[in-house]
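> The listed protein sequences correspond, in order, to chains A and B. Reminder that position 204 of the first sequence reads as 204 in our numbering, one-by-one numbering, no gaps. Reminder that position 344 of the second sequence reads as 344 in our numbering, one-by-one numbering, no gaps.
The hints are simulated quantities; they were obtained by calculation from the structure and are not laboratory data. Hints may be right or wrong, so weigh each one.
[As the list claims (entries may be wrong)] If we take Cβ atoms under 10 Å as the criterion, some of the chain A residues that face chain B in the derived model are:
id, residue
1, Ser94
2, Leu111
3, Pro113
4, Pro119
5, Arg124
6, Pro139
7, Leu142
8, Ser143
9, Gly144
10, Leu156
11, Glu159
In this text, a Cβ means the ideal position worked out from N, Cα and C, and glycines have one as well.
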Amino acid sequence: MSAAIELRGITTRFGRQTIHDGIDLTIGRGELVAVIGGSGTGKSVLLREIIGLHRPDAGTVRLLGTDVWQAAGAELAAVRRRFGMMFQDGALFSSLTVAGNVAVPLRESGLVPESLVAPLVALRLAQAGLPADAGAKMPAQLSGGMRKRAAIARALALEPELLFLDEPTSGLDPITARAFDRLLEGLCEDLGITVVVVTHDLDTLMTIARRVVVLGGGHVVADGDLSTILASEDPWIREYFSSRTSRDRREDAEADGT
Amino acid sequence: MTDCRIGIEAGRVVMRLAGAWQLARLRQLDEALKACPAPGAEQGAGAPQVLDGSALDALDTAAALQLCGWLRARGADPATMPVRGFDPRFERVLRQVAAASGDQAAARPAALRPPIARFGALAVSAGEMLHGHLSFLGFVIVETGRALVRPGRLRVSELVTQLSRTCVTAVPVVALVTALIGLVFAYLLGLQAEQYGANIFVVDGVALGMTREFSPLIVAVIVAGRSGASFAAQLGTMRLNEETDAIAVLGLSVAQVLVVPRVLALVLALPLLVFVGNLAGLAGAAVIASTMLDITPSTFLARLHDSLAPRHAIIGLVKAPVFALLIAVIGCRMGMSGSRDTRTIGINTTSTVVQSIVGVIVIDALFAVVLQEIGW
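This is chain A alone, in the form it adopts within the complex (with noise of 0.2 Å):
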């Protein structure tokens, strides 16, 4: 079976300015990516180029087996199904109703049957830690937590292969994130999606990403399981991991003294 996602020599450019500058990267299939990298360096970018919302300047990009900027029109559809997205603010239809932006994909889809449609819906909402009777209101009626756990529910629609997340935990309280930490975490393990999220969230780092890809520069900085970043040379690298508050790294020492 082919790697989920294929990057090669991946080039952007806005203006004069080289966002990526030849990015190749693999991910294989089940695994849970975290992508991180100071602001700027172009991680949504790249997450557009993956899903083919934006085109690279130079290189391929194969999803699913498929060249994502090579594919006709009904190819590229058929790998949209395939995968879901979960963009930064939601990005519900703010005219449905919560359950009738989970329902857009099934129907359109064709694959559903309509008697199944509402129960879906419902399993998806209970899949994405929604309550039942958030389904009838509309998303400008939701708070930003639950906005996101909507556009879950509506990535997770058509039992996506792939899940991308544009910052699932930004502007989300600790305790909500961490939900929504091992919501991923399950989404991953027992349903086998592979995932990939576009993070800040020091502690979604920490908790569940098994490998994690740091930019910078135009490059891949960094590949690999959390302790291999934290062991890198690089500045921006020991920054970010440093800039967890001093008291967090005191109660680390002292659970690890006892």
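For chain A, the structure is supplied; the task is to place chain B on it using the hints.
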């Protein structure tokens, strides 16, 4: 190949699942499950007691949900029923789905109200809309008064930007449309007048018609489509993006920053555009007059001077700011009201144009009746 079979083994009812149970095959699964014998059917089988997944190639949550629904309908509990031969992943999926889909009452869509009730609701909402427009008009007048009393409050740069957008950039389309109307009007009048040798009266007719009625009306319709729609869409989007909230939180008045400059700009712009329309309409008529009716441009001008009483042109120019106020108030209010979603922006923008055009024509009719009564 997806399939399911029910059989009896050692006195227990066993349901065997086979093949790939996946979302893409939901319809086939539906068929397969329907074809599966009902409880108490030929072999005397009741509800399945054991699930056998040894021939299962794949099971995803959608298919598991369908299976759970089928099992529950037959009195089996998929959350607790024993399974065998399942891949551990598939068993997890089944148990998770069984737990998550336990009790769900589907929400019923609201019943459609009878026509009379809908008509009543429509009338009430139209009344509320009118009421809202009137109070918004009052609000705009108060805010504009404040800005004019203390000119320091007036956002001059925003006013100039809006003037440029609503007036200067509208000149070409206004000139083109009114010139064409003047041309057609003169041509049709000329066809009739020629028969009586009354060519010169075409100038009288065109001058009166264009300056008093056509130019203000046509310009107002164009502006309603251009600027009214743009106000509603822009303010609606700003509200959606919480930009209006940001303005309020910065201690600024949304009315002063966004509404007053737009209303003032349109009230200033429309008379100017009507004047442009007058000139273009008469120029169009002059072209027809000289080519078809043997009226030279200088004769045209002289006749215009003699026959057109200034009050006709003035009435046209006086109507313009009234139309402008109506369009600007409707556009701004439709942008600032309604729920914050994209659908509302679309509906409100359409509604702005419709309401503005209807309103302009109604006010124009009022003008005609009132001015007739006072003998102007």
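> Next, verify each hint and record whether it holds.
Hints, verified against the model:
1. Interface restraint check for A/Ser94: the shortest CB-CB distance to chain B comes to about 3 Å, inside 10 Å, so the restraint holds.
2. Taken as an interface hint, A/Leu111 checks out: its beta carbon lies about 6 Å from the nearest beta carbon of chain B, inside 10 Å.
3. A least Cβ separation of about 6 Å between A/Pro113 and chain B falls short of the 10 Å threshold, and the interface hint therefore holds.
4. For the restraint placing A/Pro119 at the interface with chain B, the shortest Cβ-Cβ distance is roughly 6 Å, inside the 10 Å limit, so the hint holds.
5. Taking 10 Å as the C-beta contact cut-off toward chain B, the hint placing A/Arg124 at the interface holds, the least distance being around 8 Å.
6. A cut of 10 Å between beta carbons decides the hint on A/Pro139: the least distance to chain B is about 8 Å, and the hint holds.
7. For A/Leu142, the interface hint is violated, since its Cβ never comes within 10 Å of a Cβ in chain B; the closest pair sits about 12 Å apart.
8. Restraint check, A/Ser143 versus chain B: the minimum CB separation of about 15 Å is more than 10 Å; hint violated.
9. Nearest Cβ of chain B to the Cβ of A/Gly144: about 13 Å, over the 10 Å cut. The hint is violated.
10. For A/Leu156, the interface hint holds, since its Cβ comes within 10 Å of a Cβ in chain B; the closest pair sits about 8 Å apart.
11. Of the supplied interface hints, the one on A/Glu159 holds, with its beta-carbon coming within about 5 Å of a beta-carbon of chain B, less than 10 Å.
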